[in-house]
Amino acid sequence: MQKLKTLFDRVWDAHVVLEREGEPTLLYIDLHLVHEVTSPQAFEGLRLAHRKVRRPDLTFATVDHNIPTTSDERFHIKDQIAAQQITALRRNCESAGIPLFDVGSGRQGIVHVIGPELGLTQPGTTVVCGDSHTSTHGAFGALAFGIGTSEVEHVLATQCVAQTKPRTMRISVSGTLPEGTCAKDLILDIIRQVGTDGGTGHVIEYAGEAVRALTMEERMTLCNMSIECGARAGMVAPDETTFAYLKGRPYAPRGPAWDQALERWRSLPGDEGARFDRQLSVDGARLEPVVTWGTNPGMSAPVTARIPKPDDGRSASERAAIRAALEYMGLQAGTRIEDIALDRVFIGSCTNGRLEDLRVAAKVIRGHKIHSDVTVLVVPGSEAVKQAAEREGLDRIFREAGAEWREPGCSMCLGMNPDILAPRQRCASTSNRNFEGRQGREGRTHLVSPAVAAASAVAGHFVDVRGWHYKDS
Amino acid sequence: MQPFRRHRGVVAPLHRENIDTDQIIPKQHLKRIERTGFGAHLFSDWRYHPDGTPRPDFVLNQEHGRTASILVAGKNFGCGSSREHAAWALSDFGFRAVIAPSYADIFRNNAGNNGLLVIEAPETVVQRIADHAHHKRPYELTIDLEAMTIADEFGLVASFKVEPFRRHRLLHGLDEIGMTLMHEAAIASFEKRRETA
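Read top to bottom, the protein sequences are chains A and B. Note that the numbering used here has the first sequence beginning at 1, numbered continuously upward. Note that the numbering used here has the second sequence beginning at 1, numbered continuously upward.
Source of the hints: derived by calculation from the structure; they are not laboratory data. Certain hints may be false.
Stated by the list, open to error - Simulated restraints, written as ranges between beta carbons of each label pair:
id : chain 1 : residue 1 : chain 2 : residue 2 : range
1  : B       : Thr53     : A       : Ser71     : 30 to 40 Å
2  : B       : Glu34     : A       : Glu442    : 21 to 31 Å
3  : A       : Glu19     : B       : Glu146    : 23 to 33 Å
4  : A       : Ala213    : B       : Thr36     : 44 to 54 Å
For glycine and all other residues, C-beta sits at the position ideal for the given N, C-alpha and C.
Model the full structure from these sequences, guided by the hints.
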């Protein structure tokens, strides 16, 4: 009898170039996405070694991390060092023949937003990028993971990565996610359960009826944060939702090639009974809106809960970590999360900067005014998302409420551009990391869903969005 | 890549869990286009006051921390962002090895690609090394990658494991790209097979 295979096994096996005893496997890469921050040293390395880019046709670049999000500055960057990285990327792409989706092209955006929306990310493919949130693309049933710059150089030169085969974990989510919760709450809840390193060395496949019911954009949010529990990648088996999303996208197959692709893609889901190294079951019906209170994405609680006490930690090191996190975050144990006041709200990023995210946030904000103590930045994930949102009038809803509507980029998710928190400012953010200093030195980041971010922007403090008063028209 | 065979050096203790790459090299220092010059910014938010003056309580600003070449840290070291700048900053500062109970996957690969040895040691050994490093300054360790042992002058001898291919590459300072390019024929035939499939 043939060995039963998981989705991961199928994708992995189809990309093995070379297996060597005691060595990592050489794995072929179908799609290599490149951005300005993690690539300059890789291109420089190639030049020094007189090596060429092997497959510029499988390599695509954009600018996202550094790019300012105001309409004038994005074309005239004031930060000369940031400008230098962007200039280097333009030069490197031109000399290697790599397509670059540059500012103003209509296709620029956060690398993990544009890959899917252009139809570059396809089921059963291998995708890498010098960015840990490459796991996003696993939503399509691709094997997608982040790599360092030396590996970027390796892929540019050889179109392969050398990888030790990861272990597998299946997370099955049963039930229907309750109204007012979404994929962001689900992944934050999963990270809290698995721990920040519980997924290390594993590829996670998300399954179960709650995952099947998610839209593609929600599946991307789910897979995006797989890295935050240490996993190499997250995957969702492709289905009709996946195919409907891809059909007609600029780089998706067309005509007879589409039909052939569909046949291939339909054979990708894992065999019934295929073995995973680990399994976890999550009851999706019991999910609540989640807010992080600490300095890693595993430190979270339901929005209705209170800030934990250091004594709640199960070990000495956990108690020390809670104490340090509360001190950094300027929080008192026992405070109700809904009583925590905010200075800033950020809606955007590769986690939650897509059209559906903006629609959800706009629906909450519509007809309300942003609280006078709060500054809100709404940053679409790509030029295409921005155009689509403006066609629907979402920009007007945000602006009329008092939020700033910006140009696409990574923005405040990591603050490598002018969008940063001032010291001790408190921010509800739809991004993916609440590490110390992530959004600006001494900045205090709380990760939340777009709905909670929007409602909290109006209230001036965290809000349980399940009881929200929608002003629909 | 600089080979790693045997190294004796001063240990700096930074015994916290989940030290992420945003802490190792904060984002404001990622804008260089070279692989060098990151050492000055290693752990910069912990190491310097906002005005740029050193914080005397941070280990790398203390007498023996400045010359340290072995870092001892808590579990899940190097989690978060894939930025290889973290490995570059550690190497550029002068670190040759890190000792911790566990590492994030991408950081482990990045370290290996820069001749930085990451040693996975049980929590008890890490604790003992961290305690010594706090109390016996300067505290030195000898790391022997050929024998896969760490030892001090106070009776500590511990063995560790490194995957054979990583050990081989570190011992000889081998460039992974060069090694892969020796398999050009296999890559070309894979591409050909796929085009005709």
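Here is how each hint holds up against the structure:
1. Remark: the range hint 30 to 40 Å for Thr53 (chain B) to Ser71 (chain A) is upheld by a beta-carbon distance near 38 Å.
2. Glu34 (chain B) and Glu442 (chain A) have their C-beta atoms about 28 Å apart, which keeps the hinted 21 to 31 Å range intact.
3. For Glu19 (chain A) and Glu146 (chain B), the hinted distance range of 23 to 33 Å is satisfied, since their beta carbons lie about 27 Å from each other.
4. Take Ala213 (chain A) and Thr36 (chain B): their Cβ atoms lie about 50 Å apart, and the range 44 to 54 Å holds.
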